[in-house]
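Below, each chain spelled out in residue letters.
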Amino acid sequence: MTSSAAEYTELERVRRRVFLALFIALAVALHTFEALLPNPLPWFRLGLANILGLTALFIYGVRELWIVSIARILVGSLILGNLFSPGFLLSLSGGLLATLLMATSYRLWQAKIGPVGVSVLGALGHAGGQLLIAWLLIIRHPSVWLMLPFFLLFSLISGIVNGLAADLLRESLLNHPAFARLRKLAG
Amino acid sequence: MKRIWLQRLTAFDRKLVLLLSALVFLSFLVPLRQEAGARLLVESGDKTLFVASLDQPQLVELSGPLGLTRFEIKDGAVRVLSSPCPNKICIGLGAARHSGDLLACVPNRLVFRIAGKSAEGQGYDLLSR
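Protein chains in written order, with this note's numbering: chain A, 274 to 460; chain B, 449 to 577.
No false leads were slipped in.
To give a feel for the contact side, a few chain B residues facing chain A, derived at Cβ under 7 Å:
1. W453
2. R456
3. L457
4. T458
5. F460
6. D461
7. L464
8. V465
9. L468
10. V472
11. S475
12. F476
These are computed hints drawn from the structure, not numbers from a lab. Each residue gets a CB set at the ideal place from its N, CA and C atoms; glycine is no exception.
Make the full structure from the sequences, and use the hints.
Okay, here's the thing in structure tokens:
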């Protein structure tokens, strides 16, 4: 190829933007798909959409994690038609706390922590944040906390599974030619 | 590039997952004890028909639109003994003893609510869209 260095970084920038948009689109699709699944118990969600946030975090960085998470919640809720409803508030508070925990843990232990660790922290944060807001705003009743252990156990398992999925996705993406430069950076 | 799933966790991840699993396990053991109820309130619509302490055993009859509902207060708990409603769900609900517990006979428009020592139970307890 005969392209100059300036064109090369421009290409990288566009590539990153396109992939970020793809990540958000996929996350929204998973978010919507999950809402279509029958759920016997309220609030027991798999959190599949977080796989894309995790992948964005490990491929690009903390800023991209925030972009994917917030855009996913807003667009996903818009599609489901529950934007600004109480259910949306729960989803938003859970998502924000989860993203905060994931971003902080990634910043603190960047060299040591892997997708599974970050994912588990995020899943537990999501559960905790949701229940906290549910308790504060919607059902001010101590029995809400009786659900917490079951809720946390479910989050722990789904967090591990999502983390593994994110790691697989990251691996296969980094093997793709479009990510060759990032692969070199990742070593 | 096939790796078994455990190898996808870094050493730090494994420690973190173990620690968090232990915490989740512990959260099952913490008994989130429920406050024992102190008072019984029986409501019909927005009127409170009957208030009593759960300490004194007694048998009470209250009338609703369908007829008389008989309930007893015994050992700090309330149970409905007989009711003119068709399904007898209120009897099937058994005893209510914790603060915040509810028994209801919907056809006879009676709601039995247990309140704690604190002022809890006065405000709204459920708000949905």
